[in-house]
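Residue numbers (mature numbering (1 follows the signal peptide of the UniProt record, and there is no 0)): -19 to -1, 1 to 390.
Hints are not guaranteed to be accurate.
[Unchecked claim] Here are the computed lysine-lysine pairs in the PhoX-like style, where the Cα-Cα straight-line distance is at most 20 Å:
{"no.": "1", "residue 1": "K170", "residue 2": "K128"}
{"no.": "2", "residue 1": "K128", "residue 2": "K201"}
{"no.": "3", "residue 1": "K170", "residue 2": "K40"}
{"no.": "4", "residue 1": "K162", "residue 2": "K128"}
{"no.": "5", "residue 1": "K170", "residue 2": "K109"}
{"no.": "6", "residue 1": "K162", "residue 2": "K208"}
{"no.": "7", "residue 1": "K316", "residue 2": "K296"}
{"no.": "8", "residue 1": "K292", "residue 2": "K272"}
{"no.": "9", "residue 1": "K296", "residue 2": "K28"}
{"no.": "10", "residue 1": "K162", "residue 2": "K122"}
{"no.": "11", "residue 1": "K380", "residue 2": "K201"}
{"no.": "12", "residue 1": "K109", "residue 2": "K122"}
{"no.": "13", "residue 1": "K316", "residue 2": "K28"}
{"no.": "14", "residue 1": "K127", "residue 2": "K236"}
{"no.": "15", "residue 1": "K380", "residue 2": "K208"}
{"no.": "16", "residue 1": "K236", "residue 2": "K292"}
{"no.": "17", "residue 1": "K221", "residue 2": "K236"}
{"no.": "18", "residue 1": "K227", "residue 2": "K208"}
{"no.": "19", "residue 1": "K302", "residue 2": "K316"}
Everything labelled a hint here was simulated from the structure, so no lab data went into it. Predicted model only: the values in this text are computed from it and were never measured.
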Amino acid sequence: MPLLSSVLAAATLVAGGLSTAIPPRIGAPAGTGNFSVSQVRNAHFAKHGPIALAKAYRKYGVPVPDDLAAVVNSIFSKRSTGSATTTPEQYDVEYLTPVSIGTPAQVLNLDFDTGSSDLWVFSSETPKSSINGQAVYTPSKSSTSKKLSGATWSISYGDGSSSSGDVYTDTVTVGGLTVAKQAVESAQKVSSSFSSDSNNDGLLGLAFSSLNTVSPTPQKTFFDNAKASLDSPVFTADLKHDAPGKYNFGYIDSKAYTGSITYTTVDTSDGFWMFTSSGYSIGTASFSSTKISGIADTGTTLLLLPTAVVKAYYKQVSGAKYDSTQGGYVFSCSKTLPDFTFGVGSARVKIPGSFINFAPVDDAGTSCYGGIQDDAGIGFAIFGDVALKAAFVVFDGGKNQLGWASKSL
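Let's have the full structure, built from the sequences with the hints guiding it.
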């Protein structure tokens, strides 16, 4: 299956015009200053394009277009009346990561999200009406929990809903590395889109701490607190297509990628892993040097791009169209989609067309939803899982840079 800048399965990224410096530790784990944690699959998950797109718009404060909102509302109303053929958890996050909180440990499955900076969880303070099978964190059962006096958190979404609560500090362990006195945000109010995700117990934000919503004093992320204990201030995302992926902290696994790693500078001014892509190409067409500013976001499923780029892509798919009844671009499931390639300096990250054929939108499986959709005025592109699964990605918090490398798909 093709990947970065080549039709070969293990092509090599070619660096150019960017820093080629590699963070100090490359290799297999050799001590307590580095660790790996694997995702676990939500066994009940089923992909649904309109829901994934609506969640992305809501996350970034963009009003969900009326046609898309109507699709999503229709789906949820079918659930509530018992006429749906799916269970609620089928539209949850596909892959989650186990995290231990408190003493003794309370294990919750969290969504690792490089597009936010809050570690928030369902808890014993969450109204029972908002809990739909989630595991909850109970501060009173932890000998190391302490309420952070006067601290609150709140996240608002594009449709006017919000999640909010108070804050505790407690011991948090991920993959064997423990951070004491980590801010854990306890949900006292949860947006309905999260309460419907019955296997997702919360989020662990991995963007920059400046984006944290705790008031009056923003709190550090787990990664920022863990940096001093890590061999190198990095973590890597090795996400997989239709399989659980892995996050490594403190080192770069040389066996997880092929060729070299190409780095690009990150603009941290808004708290995101923001970078500028050097351009794109569709299928076998020539490369366009139209720059695309966007963020690397493991918490968003789709690849959201500027309108002109999205239109150019689907123009190459016979019969593809924007379908108002689905709130996005759809096409015949039988179509073979072109690859989409984006630039990192002079290197090229190739997303196989099969990754972009996201999911059927009808019971017959004849019409499919695109993994590339419009960024709808968010202000920047979102390089979500559709893009991230096509590469090995290094999040370097020491040099504020992103690294991209080829891997076997």
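We went through each hint and held it up to the structure:
{"no.": "1", "hint": "K170 - K128", "result": "17 Å, holds"}
{"no.": "2", "hint": "K128 - K201", "result": "16 Å, holds"}
{"no.": "3", "hint": "K170 - K40", "result": "16 Å, holds"}
{"no.": "4", "hint": "K162 - K128", "result": "10 Å, holds"}
{"no.": "5", "hint": "K170 - K109", "result": "10 Å, holds"}
{"no.": "6", "hint": "K162 - K208", "result": "14 Å, holds"}
{"no.": "7", "hint": "K316 - K296", "result": "13 Å, holds"}
{"no.": "8", "hint": "K292 - K272", "result": "16 Å, holds"}
{"no.": "9", "hint": "K296 - K28", "result": "24 Å, violated"}
{"no.": "10", "hint": "K162 - K122", "result": "16 Å, holds"}
{"no.": "11", "hint": "K380 - K201", "result": "18 Å, holds"}
{"no.": "12", "hint": "K109 - K122", "result": "18 Å, holds"}
{"no.": "13", "hint": "K316 - K28", "result": "18 Å, holds"}
{"no.": "14", "hint": "K127 - K236", "result": "41 Å, violated"}
{"no.": "15", "hint": "K380 - K208", "result": "13 Å, holds"}
{"no.": "16", "hint": "K236 - K292", "result": "37 Å, violated"}
{"no.": "17", "hint": "K221 - K236", "result": "15 Å, holds"}
{"no.": "18", "hint": "K227 - K208", "result": "19 Å, holds"}
{"no.": "19", "hint": "K302 - K316", "result": "13 Å, holds"}
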